[in-house]
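J.: Here are the chains, one letter per residue:
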Amino acid sequence: MTTELKTLLGQAADRPATFTPDVADLVAAGRHRTRVRRAVISGATAATTATAVIAVLLVGHLGRTAPQPATIAQPKMVTDLCAKSDDFFRTANDDAWRREVVSTWTDKVVEVTDLDGAITVRRSPDGSQYAYCVAGVPINGRPLGGFGATLLNVGIVTRPYQIQRYWSMACGDEPVDRDDRSTLCMGVRYSYAGRVPEGVTRIAFSGLGQHADATIKDGYWVHRVYTDDIRNGTTDPIYITMYNDSGKQVFKERY
Amino acid sequence: MRAETEQDYVEFVTHQANALCRTAYLLCGDWRRAEDATQEALIRLYRVWGRIQRKGAVGAYARKVVVSTTLDALRRKSSQEVVGGDDYFVNETERTDPLGVLEDRLVITKALAELPPRQRACVVLRYFDELSVEETAAALDCRPGTVKSQTLRALEKLRTHPALAELSDLAVRG
Numbered sequence: 001m002t003t004e005l006k007t008l009l010g011q012a013a014d015r016p017a018t019f020t021p022d023v024a025d026l027v028a029a030g031r032h033r034t035r036v037r038r039a040v041i042s043g044a045t046a047a048t049t050a051t052a053v054i055a056v057l058l059v060g061h062l063g064r065t066a067p068q069p070a071t072i073a074q075p076k077m078v079t080d081l082c083a084k085s086d087d088f089f090r091t092a093n094d095d096a097w098r099r100e101v102v103s104t105w106t107d108k109v110v111e112v113t114d115l116d117g118a119i120t121v122r123r124s125p126d127g128s129q130y131a132y133c134v135a136g137v138p139i140n141g142r143p144l145g146g147f148g149a150t151l152l153n154v155g156i157v158t159r160p161y162q163i164q165r166y167w168s169m170a171c172g173d174e175p176v177d178r179d180d181r182s183t184l185c186m187g188v189r190y191s192y193a194g195r196v197p198e199g200v201t202r203i204a205f206s207g208l209g210q211h212a213d214a215t216i217k218d219g220y221w222v223h224r225v226y227t228d229d230i231r232n233g234t235t236d237p238i239y240i241t242m243y244n245d246s247g248k249q250v251f252k253e254r255y
Numbered sequence: 001m002r003a004e005t006e007q008d009y010v011e012f013v014t015h016q017a018n019a020l021c022r023t024a025y026l027l028c029g030d031w032r033r034a035e036d037a038t039q040e041a042l043i044r045l046y047r048v049w050g051r052i053q054r055k056g057a058v059g060a061y062a063r064k065v066v067v068s069t070t071l072d073a074l075r076r077k078s079s080q081e082v083v084g085g086d087d088y089f090v091n092e093t094e095r096t097d098p099l100g101v102l103e104d105r106l107v108i109t110k111a112l113a114e115l116p117p118r119q120r121a122c123v124v125l126r127y128f129d130e131l132s133v134e135e136t137a138a139a140l141d142c143r144p145g146t147v148k149s150q151t152l153r154a155l156e157k158l159r160t161h162p163a164l165a166e167l168s169d170l171a172v173r174g
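For the protein sequence lines, the chains are Y and X, in the order given. Last residue of the first sequence: number 255 in the UniProt record's numbering, and the count goes up by one each step with no gaps. Last residue of the second sequence: number 174 in the UniProt record's numbering, and the count goes up by one each step with no gaps.
Since the hints were derived computationally from the structure, they do not count as laboratory data. Heads up, the beta-carbon is just placed ideally off N, CA and C, and yes, glycines get one too. Check the hints yourself; a few may be wrong.
[To be verified] Computed cross-link-like contacts, DMTMM-like style, restricted to lysine to aspartate or glutamate with a CA-CA straight-line distance of at most 20 Å:
{"#": "1", "chain 1": "Y", "residue 1": "K6", "chain 2": "X", "residue 2": "E11"}
{"#": "2", "chain 1": "Y", "residue 1": "K6", "chain 2": "X", "residue 2": "E6"}
{"#": "3", "chain 1": "X", "residue 1": "K157", "chain 2": "Y", "residue 2": "E4"}
{"#": "4", "chain 1": "X", "residue 1": "K55", "chain 2": "X", "residue 2": "D141"}
{"#": "5", "chain 1": "Y", "residue 1": "K6", "chain 2": "X", "residue 2": "D72"}
{"#": "6", "chain 1": "X", "residue 1": "K110", "chain 2": "Y", "residue 2": "E4"}
{"#": "7", "chain 1": "Y", "residue 1": "K6", "chain 2": "X", "residue 2": "E114"}
{"#": "8", "chain 1": "Y", "residue 1": "K217", "chain 2": "Y", "residue 2": "D107"}
{"#": "9", "chain 1": "Y", "residue 1": "K6", "chain 2": "X", "residue 2": "E156"}
[Claimed, not checked] Computed list of chain X residues with no C-beta within reach of chain Y, every gap over 12 Å:
{"#": "10", "residue": "A17"}
{"#": "11", "residue": "R22"}
{"#": "12", "residue": "G29"}
{"#": "13", "residue": "A34"}
{"#": "14", "residue": "D72"}
{"#": "15", "residue": "T109"}
{"#": "16", "residue": "R118"}
{"#": "17", "residue": "E130"}
{"#": "18", "residue": "D141"}
{"#": "19", "residue": "C142"}
{"#": "20", "residue": "T146"}
{"#": "21", "residue": "S149"}
[Said to hold, decoys possible] Output of the computed footprint for chain X on chain Y, the stretches with three or more beta carbons under 8 Å from beta carbons of chain X:
{"#": "22", "segment": "23-30"}
{"#": "23", "segment": "33-46"}
Starting from the given sequences, assemble the full structure and let the hints guide the process.
T.: The following block contains the structure:
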């Protein structure tokens, strides 16, 4: 049976014409596929790396030991934390543009500081671009940012109605010893920044049991809000309300 | 790919393309589909040629790619096209062939068409390409035991196929 089967299969696969593909076409198609595959793999690798970096940052952020309260007074002033945040770039986000912002964008448009840190809007040396910079005072003897630095976040403000928000661990306005590793801080400081929309003269914050206006200067605004428990935001969320010069509300949104 | 490596690929294609195409034909029953599948397999082979050549298993890998490409094409066909009964396994009529050979071709291609793809592949690789059980298992990416059982079932079906049984009788008488 099997011998006969082989004969039948051989007969069935016989034909006068021989299959001779164009080898040059095959090689060209193979080269093209190889190039495409390499490009796809490069893209996927970059995406995976970016995801891994984000995951590491999150783990580092969430994994910090909560500090204990203490009674030693905090530093009176927070001075230019962004400019001192070189460690962050070396370890977590060594980005030429961010380093340039920290080192050369020294023109501060508007800034608010508190015992937990600061948010600043900075202008580029040529005056054409603006960036925000969030910095934090170390907690529990360890700098914020997850990788041993005080700079928490930095980015460029591009869109006319962009509202930048960043939250970070904080101790609040009560004096604590930030170098004491037994210090327990469970608070969160929300940092906001943006460009003042045309016609808006006042930007008000409400929520977390607080009411306050953002600091506005030269067309940009910044603000920081503190809560001792991040879960408070679900029951008393933060709203940003914008008013024009006649006191009319022109914008209200939860952030 | 380096020039000499590419030249090896060109030589392989020049000498083996037709044989691979014949295997593909027995798997799908249509020369045009077989040629398409073979070309696709050869293009895929180009990408991994250097690595496969270093391993010294070019022929086996090429056959594996041809089988998978041909069977994949059949699977795609089932979801993308409406296939009509006996026309699924089309055999090209070649009026210049002797009548007996033509009948034999029709018989075996129809019998193969009634086998599930994996069983068909086992029969073709074992009895047309004369691969061992282990080589067939490698080509189909399965265990040798699976090849044995699939081949056994395929042969049982072929034995009981009416047209093939009749052919065997004629062959015995002749």
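J.: For every hint, state whether the structure bears it out.
T.: We went through each hint and held it up to the structure:
no.: 1; hint: Y:K6 to X:E11; result: 28 Å, violated
no.: 2; hint: Y:K6 to X:E6; result: 34 Å, violated
no.: 3; hint: X:K157 to Y:E4; result: 15 Å, holds
no.: 4; hint: X:K55 to X:D141; result: 17 Å, holds
no.: 5; hint: Y:K6 to X:D72; result: 25 Å, violated
no.: 6; hint: X:K110 to Y:E4; result: 16 Å, holds
no.: 7; hint: Y:K6 to X:E114; result: 18 Å, holds
no.: 8; hint: Y:K217 to Y:D107; result: 13 Å, holds
no.: 9; hint: Y:K6 to X:E156; result: 15 Å, holds
no.: 10; hint: A17; result: 5 Å, violated
no.: 11; hint: R22; result: 4 Å, violated
no.: 12; hint: G29; result: 9 Å, violated
no.: 13; hint: A34; result: 8 Å, violated
no.: 14; hint: D72; result: 16 Å, holds
no.: 15; hint: T109; result: 6 Å, violated
no.: 16; hint: R118; result: 17 Å, holds
no.: 17; hint: E130; result: 8 Å, violated
no.: 18; hint: D141; result: 21 Å, holds
no.: 19; hint: C142; result: 21 Å, holds
no.: 20; hint: T146; result: 19 Å, holds
no.: 21; hint: S149; result: 16 Å, holds
no.: 22; hint: 23-30; result: holds (count 5)
no.: 23; hint: 33-46; result: holds (count 3)
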